[in-house]
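Engineer: As they're listed, the protein sequences go chains A and B. Quick note on numbering: our numbering labels position 186 of the first sequence as 189, and the sequence is numbered without any gaps. Quick note on numbering: our numbering labels position 216 of the second sequence as 219, and the sequence is numbered without any gaps.
Just so you know, the hints here were simulated from the structure itself, not pulled from any lab data. Treat the hints with care, as some may be off.
Pairs count within a copy or across copies, as identical chains cannot be separated in the list.
Below, in silico cross-link-like pairs of lysine-lysine (DSSO-like), each with a Cα-Cα straight-line distance of 30 Å or less [unchecked claim]:
| hint | residue 1 | residue 2 |
| --- | --- | --- |
| 1 | K326 | K137 |
| 2 | K353 | K438 |
| 3 | K46 | K438 |
| 4 | K326 | K234 |
| 5 | K124 | K230 |
| 6 | K454 | K258 |
| 7 | K326 | K46 |
| 8 | K412 | K282 |
| 9 | K307 | K230 |
| 10 | K258 | K230 |
| 11 | K55 | K326 |
| 12 | K412 | K47 |
| 13 | K47 | K419 |
| 14 | K307 | K234 |
| 15 | K474 | K280 |
| 16 | K347 | K419 |
Number of protein chains: 2
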Amino acid sequence: METIPHWLTKQADLAPSQTAIELPDGFTMTFSELRDESQTYAKKLAGMGVAKGTHVGILSTNYHRMVIAIHALSYLGAVGVLLNIRLTETELNYQIIDAGVSYLLAADSLIEQVMHLDVEKIHAFSEINTYEEKAVNLNTELNLDDTFTIIYTSGTTGFPKGVIHTYGNHWWSAIGSALNLGINTNDKWLATLPLFHVGGLSILIKSVIYGMPVYLLDKFNEDVIHKAIMKSGVTIVSVVTVMLQRLITVAGSTKYPETFRCMLLGGGPAPKSLLEKAKSNHIPVFQTYGMTETSSQIVTLSPKDALEKIGSAGKALFPAQLKVITLENNGIGEIHVKGPMVTKGYLNNKVATEKALHSEWLATGDLGYLDTEGFLYVVGRRNDLIISGGENIYPSEIENLLTNLTSIKEVAVVGKADDRWDQVPVAFVVLNDQKMTESEIISYAQKHLAKYKVPQTIYFVDQLPRNASNKIVKHQLLKLL
Amino acid sequence: METIPHWLTKQADLAPSQTAIELPDGFTMTFSELRDESQTYAKKLAGMGVAKGTHVGILSTNYHRMVIAIHALSYLGAVGVLLNIRLTETELNYQIIDAGVSYLLAADSLIEQVMHLDVEKIHAFSEINTYEEKAVNLNTELNLDDTFTIIYTSGTTGFPKGVIHTYGNHWWSAIGSALNLGINTNDKWLATLPLFHVGGLSILIKSVIYGMPVYLLDKFNEDVIHKAIMKSGVTIVSVVTVMLQRLITVAGSTKYPETFRCMLLGGGPAPKSLLEKAKSNHIPVFQTYGMTETSSQIVTLSPKDALEKIGSAGKALFPAQLKVITLENNGIGEIHVKGPMVTKGYLNNKVATEKALHSEWLATGDLGYLDTEGFLYVVGRRNDLIISGGENIYPSEIENLLTNLTSIKEVAVVGKADDRWDQVPVAFVVLNDQKMTESEIISYAQKHLAKYKVPQTIYFVDQLPRNASNKIVKHQLLKLL
Chain A
4 METIPHWLTK QADLAPSQTA IELPDGFTMT FSELRDESQT YAKKLAGMGV
54 AKGTHVGILS TNYHRMVIAI HALSYLGAVG VLLNIRLTET ELNYQIIDAG
104 VSYLLAADSL IEQVMHLDVE KIHAFSEINT YEEKAVNLNT ELNLDDTFTI
154 IYTSGTTGFP KGVIHTYGNH WWSAIGSALN LGINTNDKWL ATLPLFHVGG
204 LSILIKSVIY GMPVYLLDKF NEDVIHKAIM KSGVTIVSVV TVMLQRLITV
254 AGSTKYPETF RCMLLGGGPA PKSLLEKAKS NHIPVFQTYG MTETSSQIVT
304 LSPKDALEKI GSAGKALFPA QLKVITLENN GIGEIHVKGP MVTKGYLNNK
354 VATEKALHSE WLATGDLGYL DTEGFLYVVG RRNDLIISGG ENIYPSEIEN
404 LLTNLTSIKE VAVVGKADDR WDQVPVAFVV LNDQKMTESE IISYAQKHLA
454 KYKVPQTIYF VDQLPRNASN KIVKHQLLKL L
Chain B
4 METIPHWLTK QADLAPSQTA IELPDGFTMT FSELRDESQT YAKKLAGMGV
54 AKGTHVGILS TNYHRMVIAI HALSYLGAVG VLLNIRLTET ELNYQIIDAG
104 VSYLLAADSL IEQVMHLDVE KIHAFSEINT YEEKAVNLNT ELNLDDTFTI
154 IYTSGTTGFP KGVIHTYGNH WWSAIGSALN LGINTNDKWL ATLPLFHVGG
204 LSILIKSVIY GMPVYLLDKF NEDVIHKAIM KSGVTIVSVV TVMLQRLITV
254 AGSTKYPETF RCMLLGGGPA PKSLLEKAKS NHIPVFQTYG MTETSSQIVT
304 LSPKDALEKI GSAGKALFPA QLKVITLENN GIGEIHVKGP MVTKGYLNNK
354 VATEKALHSE WLATGDLGYL DTEGFLYVVG RRNDLIISGG ENIYPSEIEN
404 LLTNLTSIKE VAVVGKADDR WDQVPVAFVV LNDQKMTESE IISYAQKHLA
454 KYKVPQTIYF VDQLPRNASN KIVKHQLLKL L
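Here chain A stands alone, though its shape is the one from the complex (with noise of 0.2 Å):
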């Protein structure tokens, strides 16, 4: 059992001026005013009753007062189940019983969506100011192995599951990714990924141990992120795919400033074309790989790395460690991860959990393999995986070859049941404004793939099934053959 000072406290004896958190709109507030902000409300909170040991759920867009509601849980000990604002009622109720949530916060503007959830006690975040303090002796340490947050994963397969996230998983989560991108002076953090995702959270915490302002958007806008890059000294950004797409069209042939140093790229493999795009653009993309079970990164490209690895997620974090169960002789095999950042378990979920763990390993269902430098690939879900004929096909491999199509603008590749070969490979396509026929797709797969892995059928789509987490749900594509 390792303690340390309250982060927050810590941080604001440390550098008491220091911007902590900056909004586009000119908004700032210092690390001193944050932590007496949300002492003081733990202290309404208290009032309320939260307690060591509530969970509390938070519903919110990006804002300062949502970082203000998750360090005051802090303070007293009270764990916060983050909760994502695009799921359905009835995900929400799933979510909240099953983590036994008894008070629910949430965002001024979205406090009527969600009175009518299944929690007793339900409160906007600015109701709570009008509350009266309670003098109740606040967290001065904080103990590494006590849960300080539970998120659900996104669940692109079964039911969602609530990973519990120890203030240690949090600590180790930062330091990892300190000693791998370095620490400067000068470092700005944009906060665009939901701060209910642990890829969002991670940016608050390693603000309050590095001492770094984070600069917060409630949504994802490419104009707004182009301009804070240009012009409000943002070092870091994190995005998922998508938001990188749109940022390189947005960027055109823009030279970013040279303080600008990276573009953390997270949630799941990206086109190597776009990777290619990006470096042309001389936009410094470092590819990560992680998730809520390691508490946002454990794998990750390294400055020195970053343009010569390319659709690499890099290696694992110090003090990480990373192996491949190889399934198969081509070295592709099922991603093992272990290291201080990983999650301890699933919330009441026993059996997920020694699913999941073995002697501190996490089995993670991803599908990857090393080079010989040992740099890591992510190929894909292991759940994703299509068998036919006793060959197995990555989905991403057609997928990555499809997407270079300038027609396609995104493609999802399952396996179809099939009586000859168990599973025959079929694409759902969503094209561009340009017109392409099947039979050109096809010919296209066939030119630069082996014939067990051409799609046997292309279906057209408007749109690919997403969950709330934005994921691709291919159990959905399947409900449609």
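The hints should help you fit chain B onto chain A, whose structure is shown.
Structural biologist: The following block gives chain B in isolation, referenced to the frame of chain A:
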């Protein structure tokens, strides 16, 4: 209990071709070479009988073979007892016997001098290379609770005590420093402090955790350091006061490159005049406070405060904590620190351990105060405090004043027994070439100090007694009285 991958193996995996060690003669070694050589060395040591838990003395000046020997021990789980080469045979034997050293490894250049020490097995570094490797399992992980090194405190009072450093102490020390100073991709840290002191050793550990080259000097030489800053891309240098004095003289009005970002100044309070001089010469001095028991730095100025808070040692590194147990209403008191870089105790010395550590707080024996913004100012050793007629007198205040006189090269103030006042301050002075009389000095002191603080007598001496760590031994001065 937390384990991490072996830090050198991990860094060699992350950055195999990055430079790990650089010597002024142009010799370099990469992290993969350092790992390979250290592992080979470990297997040879294993062949000689060194195993997990063996206490191995290391006696060497700074050079790459010493680094290899230290890392080799970590692959076996053996414990390094780092011995000061300036000690006498009697002093070395005291530490060797106290620490239960069963093997002694010494630099080739020193082997003749140490052949008669009280250790059964004494070998020169290069001799080990002639032995056979034993096929043993080397550590792939490090347990942060395991002991890695033992370093004896320099003992300006009483017998030296063996300070135990776990892997965790070293790890957290490196992390704490990174969170304060930042980590830049181009960092290169110059180690002229001996690696047998924790200030030097800590640079080695940072090197393998950050993936940063160490520029290694076998002895202090201001011309070599000046050149390394100007021409070899050194970004950080750790020094003590006397080194900084000599460096400033050599540097003159030279403007150092922008990339040289930190002169980390430890080893006790420095005269303010020296710090002002460094500031006016644009040398980025960061004062730091630490000791063997805190695995080097525990309180350090930050880049943003270094120029504004001259004379302060800064704030407690993340995640360390600091408090001053006030002795009198001027705010001065004993400095207490807590954090995962603080030793768990002294080897085989329960009495000293219990005296120093209370509920994880280390009573440092140093006196200091916090200003209104929480910055620490160190005023001296508690044992050096002079109490005269009930008034507390801090020798450093008088020493700092007298150092302003250009005729005075060095000065040490101690308390002389006095029938009327219990103690009165007296000063031991080393003059420069310029002459100055006792009455001139006393007259200067009278102008600036309260009457009870004015030294009663000035003793002119050729030099001040220093121990093997180059610290002034005040109790030897007392014996002269």
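Engineer: For each hint, tell me whether it holds in the structure or not.
Structural biologist: Going through the hints against the structure:
| no. | hint | result |
| --- | --- | --- |
| 1 | K326 x K137 | between (50 Å within a copy, 27 Å between copies) |
| 2 | K353 x K438 | neither (50 Å within a copy, 81 Å between copies) |
| 3 | K46 x K438 | neither (60 Å within a copy, 66 Å between copies) |
| 4 | K326 x K234 | neither (41 Å within a copy, 41 Å between copies) |
| 5 | K124 x K230 | neither (40 Å within a copy, 67 Å between copies) |
| 6 | K454 x K258 | neither (43 Å within a copy, 67 Å between copies) |
| 7 | K326 x K46 | between (45 Å within a copy, 26 Å between copies) |
| 8 | K412 x K282 | within (20 Å within a copy, 59 Å between copies) |
| 9 | K307 x K230 | both (27 Å within a copy, 27 Å between copies) |
| 10 | K258 x K230 | within (12 Å within a copy, 36 Å between copies) |
| 11 | K55 x K326 | between (37 Å within a copy, 27 Å between copies) |
| 12 | K412 x K47 | neither (49 Å within a copy, 60 Å between copies) |
| 13 | K47 x K419 | neither (55 Å within a copy, 59 Å between copies) |
| 14 | K307 x K234 | both (26 Å within a copy, 22 Å between copies) |
| 15 | K474 x K280 | within (23 Å within a copy, 59 Å between copies) |
| 16 | K347 x K419 | neither (36 Å within a copy, 61 Å between copies) |
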